[in-house]
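J.: Required output: the full structure, derived from the provided sequences and hints.
Protein sequence lines correspond, in order, to chains A and B.
Residue numbers 1 to 420, in our numbering, belong to the letters of the first sequence in order.
Residue numbers 421 to 840, in our numbering, belong to the letters of the second sequence in order.
Any given hint might turn out to be false.
[Unchecked claim] If you anchor each label on the Cβ, the simulated ranges turn out as follows: (1) 542/B / 105/A: 20 to 30 Å; (2) 105/A / 642/B: 34 to 44 Å; (3) 213/A / 652/B: 47 to 57 Å; (4) 480/B / 193/A: 41 to 51 Å; (5) 320/A / 421/B: 53 to 63 Å; (6) 642/B / 55/A: 39 to 49 Å.
Keep in mind that the hints were calculated from the coordinates and are not lab data.
Note that CB positions come from ideal geometry on N, CA and C, so glycine has one too.
2 protein chains.
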Amino acid sequence: MTLYVQKFGGTSVANVERIEHVADIVKATREKGIDVVVVVSAMSGETNRLIDLARSIQPRPNPREMDTLLATGEQVTIALLSMALDKRGCPARSYTGGQVPIRTDSAHSKARIEHIDDAGMRADLTAGRVVVVAGFQGVDEGGSITTLGRGGSDTSAVALAAALKADECQIYTDVDGVYTTDPRVVPRARRLERITFEEMLELSSLGAKILQIRAVEFAGKYNVPLRVLSSFVDNPGTLISYEDVDMENALISGIAFNRDEAQLTVAGVPDQPGIAQRILGAVADANIEVDMIVQNVAREDGKADFTFTVHRNDFERTLELVRETSAKLGAWKVEGNDHIVKLSLVGVGMRSHAGIASRMFDALGSEGINIMMISTSEIKISVVIEEKYLELGVRALHSAFGLDAAESPAAEMPSATVSE
Amino acid sequence: MTLYVQKFGGTSVANVERIEHVADIVKATREKGIDVVVVVSAMSGETNRLIDLARSIQPRPNPREMDTLLATGEQVTIALLSMALDKRGCPARSYTGGQVPIRTDSAHSKARIEHIDDAGMRADLTAGRVVVVAGFQGVDEGGSITTLGRGGSDTSAVALAAALKADECQIYTDVDGVYTTDPRVVPRARRLERITFEEMLELSSLGAKILQIRAVEFAGKYNVPLRVLSSFVDNPGTLISYEDVDMENALISGIAFNRDEAQLTVAGVPDQPGIAQRILGAVADANIEVDMIVQNVAREDGKADFTFTVHRNDFERTLELVRETSAKLGAWKVEGNDHIVKLSLVGVGMRSHAGIASRMFDALGSEGINIMMISTSEIKISVVIEEKYLELGVRALHSAFGLDAAESPAAEMPSATVSE
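T.: Written as structure tokens, this is what we have:
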């Protein structure tokens, strides 16, 4: 029998009306003869209410007790959704993380799932019941309640789908799928029918935060087909799975961009082993994450230029740190720019197609956009350009790679936001 | 080492400030070198909020899911209180009913405790931690969350005290103890230092709802000394335990009264076996509870009068039912009166003292109060009088049995109300 895991985030269960709507979706799936395990988050706002309560007592609350507190959020939702299903003549049974049990390590607030016992859920499914599981939470070996960290409900859903060998893990969110790029920037952006895990990972890490990266990695690792779809719009969304024959024609899946970056360049550093480490060591020690790193070949004078990007919030602090290091290294100068954006082409198709990079540079160049930095991986090409060219650049690439929809169906869609 | 179980009801943990205050009380107890297991209810209002949510989905919510929902109320409180203790340098560890575990049967919403495993709590106490347990909830054999029914937190506390062989089970509530009678009626009512389980049971069943009857029965059965005290007033409250030598001097412990009764009399019923059953059978079948029952001896004509009381809400319906039955029995007439009250003297001392009844009747008679019905048990004498004489009657008895305080310390106390 076909089995779906269906996950509904906080906005999908925000109030009683929405919970009733979720029950309708689940019931409709059941009526197609499909078994369903539902995973739900806390009603939106509830988690913040609980956090505020805790912080009013302890600014940095005891982690074990914080998890015990937060876990009540999903527990409320599983009970209410089970009632809504029961009312529809659709027998259901709720499970907290501890009742499944979803066994995790003891790292409170960021626990990792170690094992899921599917016996209880299997028995309910066999008996014709819908299984309703609290996302985001588990239980450690000592019986303490743990949470997987914010957004962990996606991870719960994927882990349950893997444990149950579900046919699909459907993540219902407030967008109806993965788009070729942000519809706010390119109205003719298209919803993708399919995309690979790798592409989704690249898009996620580049700011298209529809799914939690950890959930996508997990789904890829256990080969759980993931479907992103909307609980408000009736269309099949986007299926995320492994590359297959159909996909070979798709050269580029999408264009991601990130406004949160800032660029730093150390000019005239001695071209010696260990230089990169000396520059970035101090940055890493300050817990600042470095994204792109580019070093050109040494000139005749034995000096090289070293460029990297960090989150824009870390720009000032990084500049300070790098200036100190550079002085010791005898570099010529340090330059910084926090008016840049990163723009990335993502697609498994580029593996087997030459000329993608040159077509990208050509498209940007013909619009007069200067490329300040380039970095490539097997399925991605990223460039740094001036911030003011962001929209122009994205639209130019979207057209150049044939991603434009005939019309602009995306215009009426809500914009992509974090799923939880 | 001395061990107390301290139970705090909904009003004692109504908000963060009150929870902090509870943490102060627990910490002060710890500083006396006493081990503490705390039992808490949901923050007041929370249970009603959850019930409203559920009912807006299902008017009669699925019982298993209702328990899963309601159990979140206490789970929030145990986490917050543990944080408040942690903040005070008083290490604590929270336990849901399922984590203890408090094993119950599967009667959702009115489960009975079957077994408590004290191993986990013992280990925490030995390690110097305060154990904070969610009241009102347990877990059945299949791992489903159960609740003990409204007010069940008192029962949880007593059951935990019995399992842990605690030296005292302290029930913190919004009154500072058990009084000789309601201070609203008799300003010179006195707080009792001690009272027996049996007396407390009689007082509880007569409307002085400081403690749940079930909790008192439980405490008596397992001989757990119970102390009722206030989280707002600093005094030792009232200790409820088995009769001991000190108590023999106390003739009467208190005077209870109940305004919720109505009286029905069937006059001229044939004095035959099975008559009582025929009259009350129809009443019982309608799920109406009968309180006092009195039948006088048959007169010379072989007819008797049969009188009983029911809850005032059931008066009209009972009158109807009894009229039907009486017609069949050939009784002369049926009379009803819903302007009566029941007034009871309670005290283990009356067991060994003659003349209590006559002193009671004398005290009422000298105020011109007519007694309409009398019923006695080993430690209680109840009379039914006209409602308008309630206050006068209670004050007369309070004085006649030497219960008046020298001054009226009770005047400033909050009045007795249900503890949860």
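J.: Work down the list of hints and note, for each, if the structure agrees.
T.: Hints and how they fare:
1. 542/B / 105/A: 20 to 30 Å: At 25 Å between Cβs, range holds.
2. 105/A / 642/B: 34 to 44 Å: With Cβ atoms ~39 Å apart, the hint holds.
3. 213/A / 652/B: 47 to 57 Å: The hinted range 47 to 57 Å holds for residue 213/A and residue 652/B, with Cβ atoms some 51 Å apart.
4. 480/B / 193/A: 41 to 51 Å: Since residue 480/B and residue 193/A have Cβ atoms about 44 Å apart, the given range 41 to 51 Å holds.
5. 320/A / 421/B: 53 to 63 Å: Since the Cβ atoms of residue 320/A and residue 421/B sit about 57 Å apart, the hinted range of 53 to 63 Å holds.
6. 642/B / 55/A: 39 to 49 Å: Since the Cβ atoms of residue 642/B and residue 55/A sit about 40 Å apart, the hinted range of 39 to 49 Å holds.
Comparing the model with each numbered hint stated earlier shows that all of them hold.
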